[in-house]
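Chain order of the listed sequences is A and B.
Just so we're aligned, residue 1 is where the first sequence starts under this note's numbering, counting upward by one.
Just so we're aligned, residue 1 is where the second sequence starts under this note's numbering, counting upward by one.
Please keep in mind that the hints were generated in silico from the structure rather than gathered at the bench.
Keep in mind it's a predicted model, so treat the numbers as computed, not measured.
Mixed in with the good hints there might be a few duds.
Unchecked claim - Distance windows between CB atoms, simulated:
1) Arg131/B <-> Pro12/A: 29 to 35 angstroms
2) Gly149/B <-> Gly285/A: 28 to 34 angstroms
3) Ile133/B <-> Gly23/A: 43 to 49 angstroms
4) Arg133/A <-> Pro169/B: 38 to 44 angstroms
5) Asp160/B <-> Asp86/A: 29 to 35 angstroms
6) Pro158/B <-> Asp86/A: 30 to 36 angstroms
7) Asp160/B <-> Val131/A: 22 to 28 angstroms
8) Ile133/B <-> Gly97/A: 50 to 56 angstroms
9) Ser81/A <-> Pro134/B: 47 to 53 angstroms
10) Gly285/A <-> Asp160/B: 39 to 45 angstroms
Stated by the list, open to error - Below 30 angstroms or equal to it, Euclidean Cα-Cα: the simulated DSS-like pairs (lysine-lysine) are:
11) Lys2/B <-> Lys79/B
12) Lys26/B <-> Lys151/B
13) Lys48/A <-> Lys2/B
14) Lys79/B <-> Lys49/A
15) Lys26/B <-> Lys143/B
16) Lys96/A <-> Lys120/A
A virtual CB, placed ideally from N, CA and C, is assigned to each residue, including glycine.
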Amino acid sequence: MSPSDSVDLDAPWPHRCLLGLQGMPAAEMRTLLNVARSFSDISTRSVKKAPALRGKVVANLFFEDSTRTRVSFTLAAQRLSADVVDLAGAGSSVSKGETIDDTAANIEAMGVDALVVRHKASGAAAMIAGVVRCAVINAGDGRHEHPTQGLLDAYTVAEAHGRLDGFDLSGLRIAIVGDVVSSRVARSNIAAMTALGAEVVCVGPPTLAPRSLESLGCRVEHDFDAVIGECDVVNMLRIQFERHGEGSGGRDPAAQRASPAFPSLREYRQMYALTEERARLLKPGAVVMHPGPINRGVELAAPVADGPRSVILRQVSNGLAVRMAALYLCVSAAARASA
Amino acid sequence: MKLIADAAEVDRLIRQLADQIRSGVKDPRRLALIGIRRRGDVLAARLGEVMGIADVGSIDITLYRDDLSETGPMARVGKTHIPFSIQGREVVICDDVIMTGRSVLAAIREILDFGRPARLHLAVLVERPEREIPIHADFVGVKLAPGPGEKVDVRLVPQDDIDQISINPRG
Numbered sequence: 001m002s003p004s005d006s007v008d009l010d011a012p013w014p015h016r017c018l019l020g021l022q023g024m025p026a027a028e029m030r031t032l033l034n035v036a037r038s039f040s041d042i043s044t045r046s047v048k049k050a051p052a053l054r055g056k057v058v059a060n061l062f063f064e065d066s067t068r069t070r071v072s073f074t075l076a077a078q079r080l081s082a083d084v085v086d087l088a089g090a091g092s093s094v095s096k097g098e099t100i101d102d103t104a105a106n107i108e109a110m111g112v113d114a115l116v117v118r119h120k121a122s123g124a125a126a127m128i129a130g131v132v133r134c135a136v137i138n139a140g141d142g143r144h145e146h147p148t149q150g151l152l153d154a155y156t157v158a159e160a161h162g163r164l165d166g167f168d169l170s171g172l173r174i175a176i177v178g179d180v181v182s183s184r185v186a187r188s189n190i191a192a193m194t195a196l197g198a199e200v201v202c203v204g205p206p207t208l209a210p211r212s213l214e215s216l217g218c219r220v221e222h223d224f225d226a227v228i229g230e231c232d233v234v235n236m237l238r239i240q241f242e243r244h245g246e247g248s249g250g251r252d253p254a255a256q257r258a259s260p261a262f263p264s265l266r267e268y269r270q271m272y273a274l275t276e277e278r279a280r281l282l283k284p285g286a287v288v289m290h291p292g293p294i295n296r297g298v299e300l301a302a303p304v305a306d307g308p309r310s311v312i313l314r315q316v317s318n319g320l321a322v323r324m325a326a327l328y329l330c331v332s333a334a335a336r337a338s339a
Numbered sequence: 001m002k003l004i005a006d007a008a009e010v011d012r013l014i015r016q017l018a019d020q021i022r023s024g025v026k027d028p029r030r031l032a033l034i035g036i037r038r039r040g041d042v043l044a045a046r047l048g049e050v051m052g053i054a055d056v057g058s059i060d061i062t063l064y065r066d067d068l069s070e071t072g073p074m075a076r077v078g079k080t081h082i083p084f085s086i087q088g089r090e091v092v093i094c095d096d097v098i099m100t101g102r103s104v105l106a107a108i109r110e111i112l113d114f115g116r117p118a119r120l121h122l123a124v125l126v127e128r129p130e131r132e133i134p135i136h137a138d139f140v141g142v143k144l145a146p147g148p149g150e151k152v153d154v155r156l157v158p159q160d161d162i163d164q165i166s167i168n169p170r171g
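Input sequences plus hints: build the corresponding full structure.
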């Protein structure tokens, strides 16, 4: 598919929900990315708002901590003139014994048009989507998916490599490095990047980047130094100690940086951190990404995170446009369905 | 097909619109043209050429329409492109056809989000009578009142392969 064709080949957007990217046709991803692109200039206007979702209500239903994603969705909704209610600490009613679908149904009954859901359990957003009729956007469910992150990363790759016309990423090689197995960001990334034509290489120790990931359509490598020089994008992931189960985390600060997945943090860093030294192996034009929050000095050295190859802050800016597009398209589809 | 204007006639109508605009605005030196996508932007570009005006923009009004459920599943939010400040300018909104007036209303709302022009005017190639909102065109190429089973088709180069205005059966 040539880039100029793909604009005409964009698919219509029939979905009330955005739950995941696995199995989504590339044409639908391009529809959303193209809409996001058309939204990207709203923040440069004298009035930084468009009235597309005026009178609509978006509820952030976060059962798991998040600042950046919640703020990004809130700003996205506000740029489209929607009202936003924040149910951070939504776990409170669950701790009183309410099920999450009861919580969601109750909030929908108050006249909400979209639910933005984050939960530590994989499949939580899909479950909620089954009991409500309003739009549902998955803002991260366990180790499963974080679709808007996958799309904003695809947008950022396209921007960094001059592929905004058509969002065709073919010929690009993207490394996802670190704690791939715990990462919903990685799963959504693999789905988005491969659908749009890029080649994805997951890199990490066998405990964090097991061969089984190959079933998602990517390559798996354990030697970062051997592949870094052939990649156009290096996406560094945080080590999610909190998801490594027994023997990791805990209250002791030292234990919070230990994991059964590798012998020591020092050894992990030596093999898989993007240090200044290792960053010199990057080929010209290659860019560095990170979904945040960064553990500076662990997976990513501060001078690299702040260096000329870093597009980390572009990811944040693009996230706003992508989330505006997701809200706009899903709320429109839900409005049509109930009309 | 009922031919209303061929290429030569369309060209004459555009030049005539340009004359109306020139003599109808208070300060022609501060003129700027903004066309409504798709085809109003083509009209604006053609008027800009004829009048020697460099500040020509285009807007996509999808996000400013008054009913989200009418947007249709074919999500196509075009780019709005106004590469100049509209502050204190004589802005002429250009559209190929005015009918209900709702797109013009959406266009006015959107343009005001970019700044505060000194004056806003409206130029259309074809004026139809079916207004649903009290909005009127200041500069008009031709007035047409098609029958209930008919529609007006405007074709403009380079968006289309020829310049033509015609009335055709609906459907």
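Exercise for the section: Find the hints from earlier in the document that the structure breaks and name them by number, from lowest to highest. Expected result: Hints 2, 5, 6, 7, 9, 11, 12, 13 contradicted; others consistent.
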